[in-house]
Structure formats: C-alpha cells, structure tokens
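Student: Combine both chains into one complex, guided by the hints.
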Amino acid sequence: MSLATLTRAWEPMSYGFLDGSAKREVRRKMLKAVAVPGCQMPYASREVPMARGWGTGGLQVSCTLLNPKMRVKVIDQGADDSVNAASIRKFLARVSGAPTTTDTLEADLIQSRHRIPEEILREDQVLVLQVPNPEPLRPVQPNMSIARQMHADADYGRMWLQLYEQIVRAGRVMQGASYPSLVNGRFIMTPSPIPRWDVPKLHMAKHLTILSAGREKRLYVVPPYTRVEPLVFDDVPYRVEEHGGLTCTRSGATGFFMNEIPQDDGSSAYEISDSDFGVKSIRKREGEEVAFGATWYTGGEMEGQGR
Amino acid sequence: MAYVATRGGERAIEQSQRLFRAEMGEITRERVAEIRRAMPYLVDRAMGEASLYDEDLAALALAQTGGEPYEAILLLRAWRTTQPRLQVAAPVRQEDLFTHRRISAAFKDIPGGQVLGPTLDYSHRILETGVLAGEAFVPPPVEPAAVPAPARQPSVAAWQAENGLLELPGDDAALGNEIPDITREPVMFPAKRAHTLQSLARAETGGVLALGYAAQRGYGQAHPTVNELRLAEAEIRVRHPRGTTFSAGRVKISQAEVVSKSGTQLGLGFAATLGWNEVKVIAAATLDLNAPGAEKGSATEEEFFVYHTEGVESSGFCIHFKLPHYVTFQSSLDAMRDAKAKKAATEKAPEPAE
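First to last, the protein sequences are chains B and F. Quick note: the working numbering has the first sequence finishing at residue 307, numbered continuously throughout. Quick note: the working numbering has the second sequence finishing at residue 1354, numbered continuously throughout.
Chain F extracted, bound-state conformation (with noise of 0.2 Å):
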C-alpha cells in the first residue's frame, strides 16, 4: 500500500508529457528544416542565449518545446553541457569580421561607411493578411549595389582611440584553457572580464532588455550613443593536431559598442552574443558601460544584472513556486498561529488603567 500510489505519481507524469506533447503532433526532419529556413532570429535567439551555435540543434529544441523559449534554451545548455571541448578557436577580432550591417549613430560617416544590411528599422509595420487569403507574400528581389560594401571594417572605437577620445582596453592575453570560462567555473565578485561579457552573451534577451532599458531611462548614470551596431560572420579558426591552423566554419555574431562622455575621455560599453540579436547587444553594452562605479545593488551593477539576466536560473527558479511547499508553509503557520495566540492573549488581559 502507499499513501499516494507512487506508480500514479509517475503515471500522471508521463501522461502529462504526452498531453504537451500530443498538441504538437509528430516532429519530423521537415519541420525543423523548416524552422530552421523560416525563423532564423529566433534560432538565433536561442543559440545566443543557449550560448550553443548550432541552428539545427536550435531549431529542434524550438521545435520539441513548442517554441516555448525557456525550455528550448534550457534544452540546448543541458545538452551543451554533456558536450567534450575539443578545442577553443581563436580570438575574433572586429575588424576581420566578415560584415553584414554595421552602423554607427555617432557619426554621420565613418570609415569604411555606414551600412544598412538587413533590417526592419525602417519598415512599416504592416500585417500582410493577404497571405491568410491565400496570396503568398514574395519578397521583392535584392538589387545589388554596384560597388559592394566593405566585408571588412575597422571598429568605429579604434578611430576614437587614434584621435585621443577614448582608451582602448587593453589587449587580454589570455588564450586557450586558460581563458576563464562562466560554464565551468562559478562567477565571484567583483567578476572577471571574461564573465561579464560571457553572462552578458547568454543572458536572456527579455531580462537584459528590461535592465538596460532602466539604465537608459534614467537608472544609470551614463546615456548610451551607438558608437558601432554590427551584425556579422566569425571565422572560427582552430588547429588541428598536425599544427595547421584552418576554418571550421563561420557563425553569426552580433555586437555593439556604446560610449558615453566620461570626463575628458569617452567611456566604452561592450557586448556580443551568438546569433543576430541588435536589442540585446545595445541593452547588454548598455549595462556594461553603466556597471564601472555603480552602486551595491543598482541595476547597472554588475552582481545585479549578471544574476538576474541568467534565463535559465531566473525562469526555473519562478516556475519551481509551482512544486509543492506544504512543509515550509506549515511551518510558516505554526510560528503564525502562536504568534497570533500571544498577541490574542495580551489584548485580552490588559494592563490595569491607572
């Protein structure tokens, strides 16, 4: 006999699973091609907040959670996790990044030009419900520009630091294994570089937004410019074993630079993530321009927004209200009820009027 039959426990689990899961019908090759084809910056999403680059593994976690984001991420780093490091590629330098749209709201030119890529910034937002009539939307083809822009560009940053506006951080030595690393080591405060920009590339888009909007709003000290917004191809360059150094391929790779006055000097922000994700590299620079001095507890403090951006941790540990607490309520009440028998008894035996 069992108080609750533990087999029913188990039982109501799995037939809960299935229910979830019924709602979505079969997963198949196609479909995650097909999410894979039609929704590539919400894979990016995923991937930049998983902070694992591969569409395919994306777009099956989107897939197998329904598009529910939490999940999907939550999937992709646990499976990230079991994974072996074959190797750590080299560092990636802005200006060998192969670049697709880079612009800059600091200047009205600058060098290497401004350009526009892709993007909706200028669109209308128009529901086309056409295509719920039945006439597919086609997108009007590209036309080429005569001369093509530049795949290689120098940082906007890197002009400013020749004209003496601001100090380029230092060059981090660091290489390999010895490069610290967010998913292996726990972060201490105050944090390294290295984990700062890390957390930053895999926090939650929703939550980094949320922080970094409350710092440009007024809860920061430093109003950001977009020195430089750049959506563009990494080389991941490895080594293999005989000592040559060759491509495994590229991945897509977004990063901002804000600066703000600061003195006589402008002070820099940085951030960059996995995937094209332009609100959440403004936001995340934003943070990290603000976090130099900021106040114990600020959202523009660095232990602040590195804990509280975390999707993972933030999201599961608001859905863990949902498991029971009957023990620690009960024992919540107990000190509850006394309490309120002390205060009953005291109000009815008052001390004698003088």
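Chain B extracted, bound-state conformation (with noise of 0.2 Å):
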C-alpha cells in the first residue's frame, strides 16, 4: 500500500471549482435558508475567478448544485448571449461538465441576473438569481447589523412609511426593480432587481428559487409554494411594468416584459426581453414548429394580478 493508491490523483482544481469544504457551507446554508424562507443566511463567500458583483453570489450555488446530468442555462438581462451571460455559462459547464442550453423548458438549472423567464418554471427546475443587494431594508438602514435585528424583530414600519411617503411625493409607489416583498408572511425580502413584472412569478411558485449575493455573503431562498407578495396597500394595489399592451417588433408578440430601443426618429421599438423566448417567437412567426411552455402571462395579464 502507498500513498498514491489510498489518494486521489492530485488535480489543479477540484470538481465543481469550489473546495468540498466550501461546497458543504453553501448546501447546509441553502438547507437552513429553505427551513426559513425569505431569510438572509450569512455565509463565507469564497472568492471564485470572477470579480464580486459580477455573479459570484450565484456563481456558488450554482457551482455546488451541478453535477454532468444536469443542463444550465444562464441570463444576463433575460439574455443568453450577453457577455456576461456567456462568460458564466462557459466557466459552469468548464468546471462542471454541465451540458448547457438557451431553452428554458430544457434547462435544470438556471442561473439568471435581473429576470425570470416568461415560460412557467416546472418542479424539477432550480432558479439561481445573482444578488447584489440582499438587503431590502438597506434604503432605510444601511447598517447590516442593525437591519438584521429588525428583521429578526419583524420590525418593518419603516419599509411601510417609505413606500407612503413615495405614494404621497409622486403620486405612486416609486420602487422599479427589487420590489420589497414579503416572504412565507414573515421576511420581508429583496426578489434581487428583476421587475416588478417579475416578482409575481415567485408566488407559490412550482419551481425552488435560490438568491445569492457572493459579495455581501448571504443566501436566502423563495422555497416551491411559498407566498410572496409584493408589499402594497389595501387600497393601492401592486402595478408591474406597463409592458402588457407592448408589442415585439422582431416576432410581432404581445403581452411581454419588453426592452425599450430607441430609435433615430425619436421613437422607441420594443423587443422582448427574454431572448430565448424572443427566438422562438421570430421562428414561430417565421413558419417553424416551436414548442412553448406555459407563460406565467397571458394576453399581457397574470392570473389573480389583474388591477
């Protein structure tokens, strides 16, 4: 016997980047982030080959849960082929041996900054969202610690006064991305800065949603069926993006989040903001055979989000 049959080969990295010691900390904090939704879990935070706020939050978790069976998909802005969608891709499936996809209804994991994908999420389905802010109190108290007490107190009159006061300045509830929203009844929560569009995507939700900020070192989890929802008054109800009406130039669908591109005359042309989605919407019209999920919208409207 010697050492080099009771051993490992000695590699340059280990599967998956991360150390099993590092891999180990974000699934037992996952797992406690599960047991307690909505609430941010502190973790270490490795540093990894990217620079922090650039996904590394997401990078980890997604980096821990991969394994070669299962099929990643990364967006950046609702984008595959953003940079820095395309960066993140190639470093999980190099690190992973992951096969990668675009289509969301083929993807086991998605790693996603800033969106959801408009086709509902099944079961089996993971959406990892990079977060670079996972508190949402910090608008009203930038002290970490001080935060951490107040959700530790449900202390949240404060997020209910900034929402009136920005009711009573500007006629409406000013907050356009990361909408604060209350998780399971208890946490208040960050749903990191997808839309507003967005965030109705997560109530009672089929599909397990992991939020992960690798610089500010938290975690925190929307569980499958699990309630959030938006804070909003009684009596001024909660209002996504004006998008339901909009109309994609490139495919000619309506009832999407869209991206606005201005044009040299002075107008603005709408495409959608889901690229995948977007490309199988142009192929669609283009005659071919395409096999769309569920959206979460239909005709512009969610289900139960009517005003």
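Do not rely on the hints blindly, as some may be mistaken.
Claimed, not checked - Restricting the straight-line Cα-Cα distance to at most 27 Å, the calculated cross-link-like pairs of lysine-lysine (DSSO-like) are:
#: 1; chain 1: F; residue 1: Lys1108; chain 2: F; residue 2: Lys1261
#: 2; chain 1: F; residue 1: Lys1192; chain 2: F; residue 2: Lys1296
#: 3; chain 1: B; residue 1: Lys32; chain 2: B; residue 2: Lys206
#: 4; chain 1: B; residue 1: Lys32; chain 2: F; residue 2: Lys1108
#: 5; chain 1: B; residue 1: Lys23; chain 2: B; residue 2: Lys284
#: 6; chain 1: B; residue 1: Lys69; chain 2: B; residue 2: Lys90
#: 7; chain 1: B; residue 1: Lys90; chain 2: F; residue 2: Lys1322
#: 8; chain 1: F; residue 1: Lys1261; chain 2: F; residue 2: Lys1296
#: 9; chain 1: B; residue 1: Lys23; chain 2: F; residue 2: Lys1192
Rather than coming from a laboratory, the hints here were simulated on the basis of the structure. Remember, it's a predicted structure, so these values are computed and weren't measured experimentally.
Tutor: Shown next, in the form of structure tokens:
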C-alpha cells in the first residue's frame, strides 16, 4: 500500500471549482434557507475567479449544485447571449461538465441576473438569482447589523413608511426593480433586481428559487409553493410595468416584458426581453414548429394580478 | 438564429482579452523574477491585500494583469481560496520578530533602541532622471554599524503596561483551527477581534488610508501617537506530523501600535499585515484605536470600515456598474413616466379658484 493508492491523483482544481468544505457550507446554508423562507443566511462566500458583483454569489450556488447530468442555462437581463452570461455559462460548463442550453424548457438549473423567464418553471427546475444587495431594508437602514435585528423583530414599519412617502410625493410607489416582498408572511426580502413584472412569478411557484449575494455574503430562498407578496397597501394595488400592451417589433408577440430600443426618429421600438422566448417567437412567426411552454402572463395579464 | 449571435459575444470576450494581453507581450519566468526583485514593496502590498504570502505568485499576478492591482489581488485571492489548509502556524509574538526597522514617536529612546532600518522617510524626493539618459543608478553601498541593533526586541506597549500606563489586551487562548477565520466564515457585528484584525490585515491600502486619514483629521475621537512601528520577519513555526516543531521559513510583516490618552490610561490601537506596508498599518491601527464606542455608521465604526476597506469587494462592485442594467433601468423609467404623466394630469386640471 502506498499513499498513491489511498488518495486521488492531484488535480489543479476541485470538481465544480469550489473545494469540498466550501460546497458543504453552501449546501448547509441553502438547506437552512429553505427551512426559513426569505431569511438571509450569512455564508463565507469564497472568492471565485470572477470579480465581486459579477454574479459570484449565484456562481457559488450553481457550482455547488451542478453535476454533469444537469443542463444549465445562464441569462443576464433576460438574454443568454449577453457577454457576462456567456462568460458565466462557459465557466460553469468548464468546471462541472454540465451541458448547456438556452431553452428554458430544457434547463435543469437557470442562473439569472435581473430576470425570470417568461415560461412557467417546473417543480424539477431550480432558479438561481444573482443578488447585488440582499438587504431590502438598506434604503432605510444601511447598517447590516441593525437591519438584521429589525428582521428578527419583524420591525418593518420604516419599509411601509417609505412606500407611503413615495405615494404622497409622487402619487405612486416609485420602486422600480427589486420590489420588497413578504415571504411566507414573515420575512421581507428583495427579490433581486428583477422587474416588478417578474415578482408575481415567485408567488406559490412550483420551482425552487435560490438568491445569492456573493459580495455581501448572504443567501436566501423561496421554496416551492411559498407565498411571495409584494408590499402594498390595501387601497393601492401592486402595479407591474406597463408592458402588457407592447408588441415586439421582431416577433410580433404581445404581452411580455420588453426591452425599449430608442430609435433615430425619436420613437421607441420594443423587443421581448427574454431572449430565448423572443427567438422562439420569431421562429414561430417564420412558420417553424416551436415548442413553447405555458407562460406566466397571457394577453399581458397574469392571473390574480388584475388591476 | 439568435438575438445577438451568442458566439459573437463569446468571440468578443476572447478578443477583448487578447487586446489587453497583447499590450504586455510575452510573460516569462524572467519577467516575473524581475518584478519580484525590483518591486518588493508592490509585491508586499499585493501579498498583504491578498492575504497570501508568496512572492513568486504575487509577482506573477502583477505580470499577468499589467500591474493593475485590483485584478492582481483578485487573481491571488481566487487562487488562495482553492488551496487546502495543511497547518495552522504557531502564534507569532512581537518579542520574537526578527526586526529590521522599529521606531517609536512616543519616546526619544526606547528599550531596545530606535532602529531606523530601510526607509525613504528622510530622502529628498528627486527623480534620478539620469537613468533615462543612460546613466545607471547605482545605490551607494550600506556601511554596516559597528554594533548591530538587536534583532529581537520587546514591544513599547509592554513597557507602558509595566509602568501602569496602559492595560494590554489579554492573551487570546484560541489555537489552530479554533482561531476565527475571515476567509471561511462570514463576519458578523459586533465582530470577533480576530475578524477585525484579519479584515484590516487584508484591507485595501488606499481604502484604509482614506478612512484612517479621516479619523486622523478629526472625524475620529482619538489622535494617534505612533507608539511603535515595526518592519520585521516572522518565523512560521509548524508542527510536523511526527510531532517536532520546525520553521517553515520567514515572512515579512509590518505592524503598528498607536496610542491615545483615554482617561487615566492609554488606549491602544493595533494592526499588522503581511509584507512591508507602513502607511497601511498606521492607518489601520488608527481605525482600531478609534473603533471602541464609535457611532454606528461613522467612518471609524467597525462595521463601516471593515466593509468599505475590502478591496476585492469594493472594486468588484464598482466595476460591475459597467454591466448592462437595462432591465432595472426600464423598470425605473416605467415608474418615472407614470408619475410624470400623473403630475401633468393634475397640473392641467387645477382646482377651481374660489
């Protein structure tokens, strides 16, 4: 018997890049976060070969979860072909051997920055959202230690006050993306900077959503079939972006979240923000047989979100 | 077909990296060796901020990034995090340091003596422009002292403690893997002492200086007196599996003790880092000195300076704003346009005047 027979051959990099102890910690924190929906779990957050703020939190979760049998999709601003999404997809495939896809229906794990795809995710799919700032209370309390105490006490008065002040000053809630939402009736979380359009997709969703902030070293979870309720007053309903009536100039599809493209003549054109869904819509228009999944929104409206 | 050809995106990434690297040309072992030899203070700074002591890797990181410090340190940190922890070295005590330079501003002379050591403090900052004209700059040889300064010296704080001027912090009994480690667990506030000192040790020099300077200029309560500044080499003593303790080599370290009158006693601030970096440890020790009782959210408050002097995190976040944000922007525009329309509607239909 020799040392060589007892150990594995030296490798320059662990499978999935992170070493065993880092993955174990992330796994434990994810389980804890599933058990306490919406509660931010601090984790060590190892350095990865990408700059902080560029998806390192999502990357650590994906590196921990991926195996060669999982198919991975990476999007940024809804697009698979954005340079940073391409870079992350390449890294994940390289360190895990997982096959990649751009089709939401084919993906087992979707790592995303700022969007949730338009097709309804299934129970067997995992969505990993990259989070720049995990703390919904930051605008009212920049100190993380105090904010943590406020979460413990469910001391959310200032969040409501903030919304109230916006309504008084501007006539409406001015929050753009990252709309603060109550998870399972207990913790306020930021859903990451997804547009308001996407927040209702998390409510009682079939899929598991893991939100991870690498730089800020926090992760939290929306487990399947969990309530996610945007903070709203009874008499001022939640409003998603007015995109329901917009038509994609490239595919002719209507009723989805759009990218606004400024035109030379001073007007705007629109294209579907979910790039894979946009591509499918174009192919369909060109007469191809395309498999669409059911979408969260139909005719620009989401069930239960009518105004 | 694709929205924007995916391969196009990947190709653009590849070519942009080539463009960056083409500037610097071939990276050879010789180039790395020359960086290590010619720029020890830059290498030290990188090692300190990376919290990884390896002069060759630090020089390589600097070579690979064309001297872009944030990129170089990220490279080192990302490499460091994948390395197994084989051993935890024995604690290093001040009196055991192999000291090259040790000065005190608190007393004219100190037990063990003031040792000026290598420094540019009293140099006249004049460029040797002759070098550019082809005259090599040959540093005049050092004339050794007849009696060398003692290599190992006590700390000034120890003398002050003996004389009832300050209370030394108690010995931390944690050993080996029990020592809290900022790289393996998240920092929570109020922070563990080890976490604070480790954060300062790997903090970004410019960030620590900015906040330390703010404290020194009056945004802190305590004015620092440099009790002792030391540049030294520390022996890394580790235990062999057979049980013997041996030296795995020496690492360069810097440390600073600063003191300030605090009632009838002196308050003590401390910082140490890998490599020789005097500005960093004086500024960091100033922050440590000012931290107790600092107002939440002030520059000298622990949570504030620990988060905001983290160079890899702060630089990464700063440059992430280059990434597309058109979804969030669209979402804000939507709210803004609607609010604007509402405002215009109310202005058009004013309340009838009485």
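Student: Now, for every hint given, state plainly whether the structure supports it.
Tutor: To see whether the hints hold, each was checked on the structure:
1. Between F/Lys1108 and F/Lys1261 the alpha-carbon distance is near 18 Å, which keeps this suggested pair within the 27 Å criterion.
2. Using a Cα cut-off of 27 Å, the hinted pair F/Lys1192 and F/Lys1296 holds, with the two alpha carbons roughly 17 Å apart.
3. At roughly 19 Å between alpha-carbon atoms, B/Lys32 and B/Lys206 fall within 27 Å of each other, so this suggested pair holds.
4. Between B/Lys32 and F/Lys1108 the CA atoms are separated by roughly 58 Å; this puts the pair beyond 27 Å, and the hint is violated.
5. Between B/Lys23 and B/Lys284 the CA atoms are separated by roughly 42 Å; this puts the pair beyond 27 Å, and the hint is violated.
6. Under the criterion of a C-alpha separation no larger than 27 Å, the hint pairing B/Lys69 with B/Lys90 is consistent with the structure, at around 16 Å.
7. Among the hinted pairs, B/Lys90 with F/Lys1322 is consistent with the structure: their alpha-carbon atoms are about 20 Å apart, no more than 27 Å.
8. Taking the CA atoms of F/Lys1261 and F/Lys1296, the gap is near 22 Å; set against the 27 Å cutoff, the hint holds.
9. Between B/Lys23 and F/Lys1192 the alpha-carbon distance is near 24 Å, which keeps this suggested pair within the 27 Å criterion.
When each numbered hint is compared with the structure, violations occur for hints 4 and 5.
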